[in-house]
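Visitor: Sequence:
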Amino acid sequence: ARKRAEKEHASLIAAAKIKNVKAACELLMKHIETVRSDLLALLAKNDDVP
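Last residue of the sequence shown: 57 in the numbering used here, with the numbers rising by one and none dropped.
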């Protein structure tokens with residue numbers, strides 16, 4: 008997940024640097040949704056631990 012996040016951050020920064028607001032917003036939304044999904048999966052997994 009960390010490598011993916013680093014790539015996502017780099018893409019987001021690149022879009023922002025060239026002022027491509029639409030792409031930056033789309034990348035940010037996708038990143039947030041992916042992180043949310045990862046966190047929910049992690050929390051669900053940890054619920055199984057006593």
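Among the clues, some could well be false.
Straight line, CA to CA, 20 Å or less: simulated DMTMM-like cross-link-like pairs of lysine to aspartate or glutamate [stated by the list, open to error]:
#1 K29 / D45
#2 K14 / D55
#3 K37 / D55
#4 K52 / E33
#5 K37 / D54
#6 K10 / D55
#7 K26 / D45
#8 K14 / D54
#9 K37 / E15
#10 K52 / E40
The calculated label-pair distances, taken between Cβ atoms and stated as ranges, are [stated by the list, open to error]:
#11 K29 / L50: 20 to 26 Å
#12 K10 / E33: 29 to 35 Å
#13 E13 / A48: 16 to 22 Å
#14 K52 / K24: 22 to 28 Å
#15 A21 / V42: 17 to 23 Å
#16 A48 / K26: 30 to 36 Å
#17 H16 / L47: 32 to 38 Å
#18 D54 / I25: 19 to 25 Å
#19 V28 / D55: 27 to 33 Å
#20 D45 / I25: 23 to 29 Å
#21 S18 / L47: 19 to 25 Å
#22 L47 / K14: 17 to 23 Å
#23 D55 / I20: 19 to 25 Å
#24 A21 / L46: 20 to 26 Å
No lab work stands behind these hints: they were computed from the structure.
Glycine residues also receive a C-beta, built at the ideal position from the N, C-alpha and C atoms.
Visitor: For each hint, tell me whether it holds in the structure or not.
Guide: Now for the hints, and whether the structure bears them out:
no.: 1; hint: K29 / D45; verdict: 24 Å, violated
no.: 2; hint: K14 / D55; verdict: 31 Å, violated
no.: 3; hint: K37 / D55; verdict: 28 Å, violated
no.: 4; hint: K52 / E33; verdict: 29 Å, violated
no.: 5; hint: K37 / D54; verdict: 26 Å, violated
no.: 6; hint: K10 / D55; verdict: 27 Å, violated
no.: 7; hint: K26 / D45; verdict: 29 Å, violated
no.: 8; hint: K14 / D54; verdict: 30 Å, violated
no.: 9; hint: K37 / E15; verdict: 9 Å, holds
no.: 10; hint: K52 / E40; verdict: 18 Å, holds
no.: 11; hint: K29 / L50: 20 to 26 Å; verdict: 32 Å, violated
no.: 12; hint: K10 / E33: 29 to 35 Å; verdict: 21 Å, violated
no.: 13; hint: E13 / A48: 16 to 22 Å; verdict: 19 Å, holds
no.: 14; hint: K52 / K24: 22 to 28 Å; verdict: 37 Å, violated
no.: 15; hint: A21 / V42: 17 to 23 Å; verdict: 19 Å, holds
no.: 16; hint: A48 / K26: 30 to 36 Å; verdict: 34 Å, holds
no.: 17; hint: H16 / L47: 32 to 38 Å; verdict: 21 Å, violated
no.: 18; hint: D54 / I25: 19 to 25 Å; verdict: 42 Å, violated
no.: 19; hint: V28 / D55: 27 to 33 Å; verdict: 42 Å, violated
no.: 20; hint: D45 / I25: 23 to 29 Å; verdict: 28 Å, holds
no.: 21; hint: S18 / L47: 19 to 25 Å; verdict: 23 Å, holds
no.: 22; hint: L47 / K14: 17 to 23 Å; verdict: 21 Å, holds
no.: 23; hint: D55 / I20: 19 to 25 Å; verdict: 37 Å, violated
no.: 24; hint: A21 / L46: 20 to 26 Å; verdict: 25 Å, holds
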